[in-house]
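Peer 1: My request is simple: use the sequences and hints to build the entire structure.
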Amino acid sequence: MDTRVLPIIILFPLVIGTILVLWLKRYSRGLTALGAISASLTSFILLLSQAKSVLHGIVITETWSWLPQLGIDLSFRLDALGLIFSLLISGIGTLIYIYAYYYLSPPNSLSKLYALFMLFMTAMLGISLSNNLIILLVFWELTSISSFLLVGYWSQYEAAQTGSRMALTVTGLGGLAMLGGFILLGQVTGTYQIDELLNMGPQIQSSPLFVPILLLILCGAFTKSAQFPFHFWLPNAMAAPTPVSAYLHSATMVKAGIFLLARLLPIFAGAALYHGIVTTIGLLTFCMAACFAIFKDDLKGLLAYSTISHLGLIVCLLGIGSPLAVAAAIFHIINHATFKAALFMIAGIIDHETETRNLRKLRGVWQVLPFTGTLTMITAAAMAGVPLTNGFISKEMFFTELLANLSSSAVVIAAIVATLAGLFAVAYSTRFVHGVFFDGPLGRDIPNQHAHEPSLGMRAPVILLAALCLVVGIVPAISVQIFVNAGAMASSQDYSMQSVHLAIWHGFNAPLLMSAIALFGGVLFYSVLARGDRIRHIALERYLGPVQGKLIFEKILKYLKKFAAQLKKYTETGSLQNYLFLIVLFSVVIVSVPLLNQGLSTGQRTLTAAPWTAIVLWLLLFSACWMMLWFHHERIKAVLISGAIGLVVTMVFVALSAPDLALTQISVDAVTTVLLLMGLGLLPQLTPYESRSARRWRDGIIAVLAGVGIGWISWLMLTRDHSSISWFFVQQSLPLGGGSNVVNVILVDFRGFDTFGEITVLGIAAIGALCMMDGMRAHGTTVTQGLTYRFSPSPLMLRMTASWILPLALVVSFYIFLRGHNYPGGGFIAGLITAMALVIQFMAIGQDHAESILKAKSGRRYESWIGTGLCIAGLSGMASWFWGRPFLTSAHIYVDAPLWGKMHLASAAAFDLGVYVTVVGATMLLISVLGDSRHSTMSGPVPKG
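Under full-length UniProt numbering, the letters of the sequence shown match residues 1 to 945, in that order.
Please keep in mind that the hints were generated in silico from the structure rather than gathered at the bench.
Heads up, a few of these hints could be off.
Here are the simulated PhoX-like pairs of lysine-lysine, each with C-alpha atoms no more than 25 Å apart in a straight line [to be verified]:
{"#": "1", "residue 1": "Lys558", "residue 2": "Lys637"}
{"#": "2", "residue 1": "Lys550", "residue 2": "Lys561"}
{"#": "3", "residue 1": "Lys550", "residue 2": "Lys569"}
{"#": "4", "residue 1": "Lys558", "residue 2": "Lys569"}
{"#": "5", "residue 1": "Lys555", "residue 2": "Lys569"}
{"#": "6", "residue 1": "Lys558", "residue 2": "Lys568"}
{"#": "7", "residue 1": "Lys562", "residue 2": "Lys550"}
Derived DEER-like restraints, expressed as beta-carbon distance ranges [said to hold, decoys possible]:
{"#": "8", "residue 1": "Gly901", "residue 2": "Leu808", "range": "25 to 31 Å"}
{"#": "9", "residue 1": "Glu758", "residue 2": "Leu619", "range": "32 to 38 Å"}
{"#": "10", "residue 1": "Leu798", "residue 2": "Ser723", "range": "51 to 57 Å"}
{"#": "11", "residue 1": "Cys771", "residue 2": "Ser49", "range": "14 to 20 Å"}
{"#": "12", "residue 1": "Leu176", "residue 2": "Gly901", "range": "57 to 63 Å"}
{"#": "13", "residue 1": "Cys771", "residue 2": "Ser206", "range": "48 to 54 Å"}
{"#": "14", "residue 1": "Gly180", "residue 2": "Ala516", "range": "44 to 50 Å"}
Where is the CB? At the ideal position from N, CA and C, for every residue including glycine.
Peer 2: Shown next, in the form of structure tokens:
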């Protein structure tokens, strides 16, 4: 059995599907849809190929070591529970991809929708198949991000923007809470591996941290699956295209919380707090949302609340937690996915043909959409739990488990609430059918009076799902019983549990009576409400008043924004001195508090006499810092003095035998000095003097405290013995990294991932500067007279000198780059040398001419340099995967080359090349943006110092 199928199943839609969609969109919409459908269908087929073994109890796992010291590995697991969810995600997804092709009109980007769908599918498959809590959380948050993008697909509408932000905020906060629960769970058990955690239920429940673990994880699950009181975000996400709503409500987003509860059930089962909270919240949500659904005039709004209600039913079953209750929950998950996907697609068909989905306008649509009406009756009957549909059997199982597992004091109330919820479900299902297709002749308020049945391609997915509702409802034992039993066993980790036999008839009993009351009572209740057309004029929100989740959420946001505005008013004064004061003061306080109770006396380490070089460098540094303090009001002098301070620090590194650091320091110092001087061309030459002596005393005191504090901490560290790990790098640099320059080997090998992150941040910073200043016009001042700082052609001597400096500098940088693995140098230093050589060219021949030669007008070429460098570094790291090694593992060999002799080749050189290209691109982009002549043509107010 090939276990590598698991990552293929997860990543195939995202990687291959997205590539296919973006490639085929240039040809036709049909080919674009075919590419997306093929990718989704491939994952579905791969899952089916593993179904036979998985349904018989075999668990397929695959693990790649990633951060083993932290317990985080790329670990995946396919058991029956994961198989059921993954089949729903990929199977329903395939049908919705077909439907989306016919639903979305040509002016809308089909490739954009499919690309986002692929991301969404990958995130959900990752949740279903993850075997590590932290990896599961990554995919969990990816569902929040992708749903945010999908709900906001039509970004031109305010409702789409509001709904997407609300969904992201609520589910994102829940995910943050869940992260805390996962970390505590890992601290208690010592592992994040799900298959190990499932066997540690007693140990976890006996921990004093069990209550916060439970509450935090439940918060994440309830927010994602829209349980009370976090239910309000789901109906407000209805501005999404109908295919998005159908996918989100049936098989993806909202089922993530359900899956998490089912997956972690063995950890929490048996804990009274878990059963009490989950059962109560689920039952309350089941009844409350069903009541709200009756009075919704928007078809998708009605279906959204019905989704919340059915999710509450499933949560209640998982809260009961008995083997049969878990089996009922698994069964209803399957049933809900089928009829809810179909009903949302039907709502889209009605909207697509009649051009409205408002129940106050819709009536008599049967006259023009009889086939769609028939499909609606079947799927709505399944939603209501009518006999001979799949929803009836799982609802009967719910009633049975509710009566069998609750205490005598609670069972009566629970039975009443559950029956009432079932009654409401019948009422809103009846309204969906009767209010749209009957209730009189075709309504005059319908915008399109010439509606007709849509094409077969649009109806085909609905036909298949409606057929499944009937087949499962009539012959459940043949169709889905094996899936239900296997899923229940996998969820409860009880593979010896008695198999559930699914059947239509279980005799006359209390659950059947509850179903009958719900069925006939629901029809009667709707008939009373619909009499005289009253239901169309009932606005439930009017009776609820301010007690609505959406209004409460908006009020909280309003107060948060108000508080943020007040805080900004008092802190964002536009004065750099105030900002520095707050930053330094906060730093002093935050460092001092934990040190107050520590022994702050001098350590026992033997002191050595300071050499004369240290004294000289210290005096130079002190003098330069004093000059900075004295001349800091004169900005140009201050920058030059800061350059002198950097030069002294370079000399310190040389004295301490750190040539790599010295080269880096002086290169960075030169580039930053140029950048600062260019930036100061926008500002007055003088910084305003402090107007109050009290402020000078305040700043002086805090500066002295900070300086003395840092000095004292340094003294305490230097006078104490410590165990260094430098010996490891010194010993292993050559045998493991293939280089004798320990610093460079650490950067590109031992800690290459850190370096990759640093160059990524550098690229982001440069592009961020471009985004902020692109099109911006900088102001001149009365002092600088609108000083332009774009490089202009310089005198002949500089131009002639620069003509030979560039090739010489490129040779030097090439030499520095090649020697970096064994001698001082490397990609970062070589990149800065190249950038400085290019800056000299800007100064010599003018930026316009230089950029025209580089074909980098307005910095666009530099952006591609950054991307190229990051790609080179990333691909060099991924190459190690082909040899089964972790990301960025390097290798080195010695080869005998003709005429050259023995050569040492290290794969880290490719990574260092990525560093080099990224550094050159980022540095030149920053300089290019600051030097753009567009930024120096407008006058304006003088900025505060």
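Peer 1: Each of the hints needs a verdict: does it hold here or not?
Peer 2: Verification of the supplied hints:
The straight-line distance between the Cα atoms of Lys558 and Lys637 is roughly 47 Å, outside the 25 Å bound, and the hint therefore fails. Our distance criterion of 25 Å between C-alpha atoms is met by Lys550 and Lys561, whose separation comes to about 16 Å. Between Lys550 and Lys569, the direct Cα distance comes to roughly 28 Å. Violation of the 25 Å bound is thereby established for this hinted pair. Among the hinted pairs, Lys558 with Lys569 is consistent with the structure: their alpha-carbon atoms are about 16 Å apart, no more than 25 Å.
Straight-line distance between C-alpha atoms of Lys555 and Lys569 comes to about 21 Å, which keeps the hinted pair within the 25 Å bound. Annotation: proposed proximity of Lys558 to Lys568 holds, straight-line Cα distance about 15 Å (limit 25 Å). Distance hint between Lys562 and Lys550 is fulfilled; the C-alpha atoms sit about 18 Å from each other, no more than 25 Å. Separated by about 27 Å at the C-beta atoms, Gly901 and Leu808 satisfy the suggested range of 25 to 31 Å.
Between Glu758 and Leu619 the Cβ separation comes to about 34 Å, which falls inside the hinted range of 32 to 38 Å. Remark: the range hint 51 to 57 Å for Leu798 to Ser723 is upheld by a beta-carbon distance near 53 Å. Between Cys771 and Ser49 the beta carbons are some 46 Å apart, a value that contradicts the proposed interval 14 to 20 Å. For the pair Leu176 and Gly901, the beta carbons lie near 58 Å from each other, so the given range of 57 to 63 Å is met.
Remark: the range hint 48 to 54 Å for Cys771 to Ser206 is upheld by a beta-carbon distance near 53 Å. At roughly 46 Å, the beta carbons of Gly180 and Ala516 sit within the given window of 44 to 50 Å.
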